[in-house]
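Dock chain B against the given chain A, drawing on the hints supplied.
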Amino acid sequence: MKFMSFNLMPYRFLPMDFPERHRSVWVDIPGHLFDPEKGHQLYNEYMDQLEYAAELGFDGICVNEHHANGYGIMPSPNIIAAGLARRTKNAAIVVLGNSVALYNPPVRIAEEFAMLDCISGGRLVAGFPVGTSMDTNYAYGEVPTTLREKYYEGVRLILEAWKRNEVFSFNGEFTQMRYVNCWPKPIQRPHPPVWIPGGGSVETWDYCADNGFLYSYLSFSGYKRAKVFMDGFWDTLARKGLPGNPYQAGFVQFVAVADSDQHAADLYGAHAEWFFNKTQHIYGGFVEAPGYRTLNTIKLGMESQQKGPRLIDTTWKEMIERGTVIAGTPKRVTEQIEDLCRTLNVGHLGILAQFGDMPHDKVLYNLRRIATEVTPSLKSLWDDRWEDHWWPRAMTNPRAPRADEPALAEAGK
Amino acid sequence: MTTMLTLPGGRTAEVERLGSGRPLVWLHGAFGLEWSAPLVRALSASHEVIAPKLPGYGASDGLDGIRSFFDLSIWIDEVLDALQIERVDVAGHDFGGAAAAEYAALFRRRVDRLALLAPYGLWRDEAPLPDIFGLTPGALQKLLYADPSGEAGTAFNAPLPDAAAQNEAILRRRQALIAAAKLMWPIPDKGLKHRLHRIGAPTLLLRGDRDALMDEAYMAAFAERLPGATLRTVAGGHMLPHESPEGTAAAMLAHFARAA
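Taken in order, these protein sequences are the chains called A and B. One point on numbering: in our numbering, the residue at position 257 of the first sequence is 257, and numbering is uninterrupted. Each number in our numbering comes from the position in the second sequence (counting from 1) with 413 added on.
Extracted from the complex, chain A is given alone in its bound form (with noise of 0.2 Å):
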């Protein structure tokens, strides 16, 4: 069982009465509300409490790709992924990912991953999303009927770009490209693992069973919700014929680590509500721009009755009983991630111990219980049965980054 930390960088400093005063915390979140300062304070934070969750033992530490919002102000992961690869030793560095029909060409993806693999000895995850509609179609103006089209034939393009020593020419819908040659190439050969990072459409399960990707399910309201979405995937490489090998699976789940449920709701009670009722308020006309889904899988969910990801105006305790948060004492949440380990059959769990307006101090304290007191037991749990072909192959002897120029400056004259 692999763990990451996963951290989503909200903005944690929006005033609190922002759902009475704006819209949407997405798209057309106003500029004003973003002070620079604060923001220089923010990405310093969360990469300090990433490097710190690498230091204490988590297999992989997580970013991700988000535009014009207000709870993740991370528009390029590389740019993190970048300053964590080098502050960092063995954790793999998941970069849950590029939205691959933003990039023009989207050969600047293969080149960007093939450095950040590179500079990190071949630790890189390779995470394609389509990404969010709010993201894609709203802030950066893709056309969705397209969207999906285009985004395949760009991952087809940077496959290709990785795998072939040669220069090829590229004639694709969305792309042309005379010259091909994606130069520097990545250390893990042919490519480093590819998950891709899925809300629940029907397509994806396919193109993840028919690639041999991992697929992941992204979603903020918990293991108990996501049953059916990760069933679906599970019976996909069941019609396919193929295993149901937990490590082509991952998942996201906010965990909180205390000394007592009561222990757990003073300390991070608080931060979650502040999540789902402050940073969740999506204004309706931007959850779903026409085409992003195709009509079949809107049908599908009509049939199925099926709920949408996003949770807003919920209270501690209810995301208690639905599993959206697991918190409580270290052997409560041990229980409760095995529990949903098995039951998603997942073997990558990207852990969210930073949510909402959590400060500083109180990530650093949940992780560090997280770490020596959750995961160091549940770690062996599909180690009987199962092999992780989706898990970054470092290179051996790496070089690490070094202190001592000034000794190498003087030797060199």
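Check the hints yourself; a few may be wrong.
Claimed, not checked - Using 25 Å as the maximum straight-line C-alpha spacing, the simulated DMTMM-like pairs for lysine to aspartate or glutamate come out as follows: (1) A:Lys299 x B:Asp494; (2) A:Lys299 x B:Asp602; (3) A:Lys299 x B:Glu427.
Claimed, not checked - Negatives, chain B to chain A, calculated, CB over 12 Å: (4) Gly432; (5) Gly469; (6) Ile498; (7) Arg585; (8) Arg587; (9) Gln588; (10) Asp622.
Rather than coming from a laboratory, the hints here were simulated on the basis of the structure. Keep in mind it's a predicted model, so treat the numbers as computed, not measured. Note that the Cβ used here is the ideal one computed from N, Cα and C, for glycine as well.
Just chain B, lined up with the frame of chain A:
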């Protein structure tokens, strides 16, 4: 009468044909042909109205192959070929207005007279268009209708008694916007300004006097590039064909008679 045409490549075009007289091609707006049914009926008193459902709407397929207004113009031309109609009058509303203008600019020799009702196709920085693809149904109703709580306005989002019919209506709305968004996302200026000068047909530019979506600036922008065009307003909001069919039909028929 509904006709299913087979176009080259085996594609299907669903076409409504109503009335008799000079053929008039009607190109519906972003929300689909159902929202211009009253106008189509009014026009059919004196014309044979040929109203295709644009690709992606109703049973008209082939949206995959429509990537621009250029492709859409060719599709319209193929519909006329399949109907064996040589010369036509063309009218369109909203999204269909942009399609009508594009068609009349590209296939200028086939179009005798043209009417553009609150047409998309241009962009003015000083009067940015509201984003119909980024509004809730309730907000759309307020934007599109002169009287959002009137009969036409409330019909736009009227809840249906049974769940299956309701789901079907939701899917039909989605299907309509998927097709319109494909050509008009994220800003509906796709270069028509470079082609408008080619339009030779006498053109009517018609707008509802209370249209909250299509600012007057847009009619002025069209008129600037179509010096011979007739600029008129009728009482109504943006959804003229649905909310104000009589006044709209009268203005259109007057134009067609004058330009005959």
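Quiz item: What are the numbers of the hints that this structure violates, sorted from low to high?
Solution: 1, 2, 5, 7, 8 and 9
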